[in-house]
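To convert, note that position 50 of the sequence shown is 50 in the numbering used here; the numbers rise steadily by one, no gaps.
Source of the hints: derived by calculation from the structure; they are not laboratory data.
As the structure is a prediction and not an experimental result, all values here were calculated from the model.
Cβ coordinates follow ideal geometry from the N, Cα and C atoms, glycine included.
Among the clues, some could well be false.
Across the chosen pairs, the derived CB separations fall in these ranges [as the list claims (entries may be wrong)]:
hint, residue 1, residue 2, range
1, His56, Leu76, 24 to 34 Å
2, Thr19, Ser47, 16 to 26 Å
3, Arg3, Asn36, 23 to 33 Å
4, Ser51, Arg3, 41 to 51 Å
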Amino acid sequence: MDRNTILFNSPDKGEQQTTEEILRTVYSALEEKGYNAIDQMVGYILSGDPSYITGHNNARNIIRHIERDDLVEELLRAFLKK
């Protein structure tokens with residue numbers, strides 16, 4: 001019996017956003033809806049509750065592509081570089 005391996009290519013592999021792009025997208029969506037974007041993003045980072053992030057422009061789903069501990073690490077790294 002001949003068995004072939006099937007290669008699966010994720011459709012959005014070439015379209016993956018950087019952490020910075022994701023944060024900017026989420027920030028813009030929150031501001032467009034009239035929220036204090038920084039407060040809402042801090043609430044999400046501290047609690048893990050996605051309801052802090054608006055569904056506008058798919059922001060809630062987009063931010064979930066980043067693990068929160070990776071997000072904190074990236075933010076600290078960027079802060080300390082400045």
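Thr19 versus Ser47 beta-carbon gap, inside 16 to 26 Å or not: 19 Å, holds
Range agreement (Cβ of Arg3 with Cβ of Ser51, hint 41 to 51 Å): 46 Å, holds
Distance restraint evaluation - His56, Leu76, Cβ atoms, bounds 24 to 34 Å: Since His56 and Leu76 have Cβ atoms about 27 Å apart, the given range 24 to 34 Å holds.
Pairwise beta carbon distance, Arg3 to Asn36, judged against the given window 23 to 33 Å: 56 Å, violated
The structure is inconsistent with hint 3 alone, although it conforms to all the rest.
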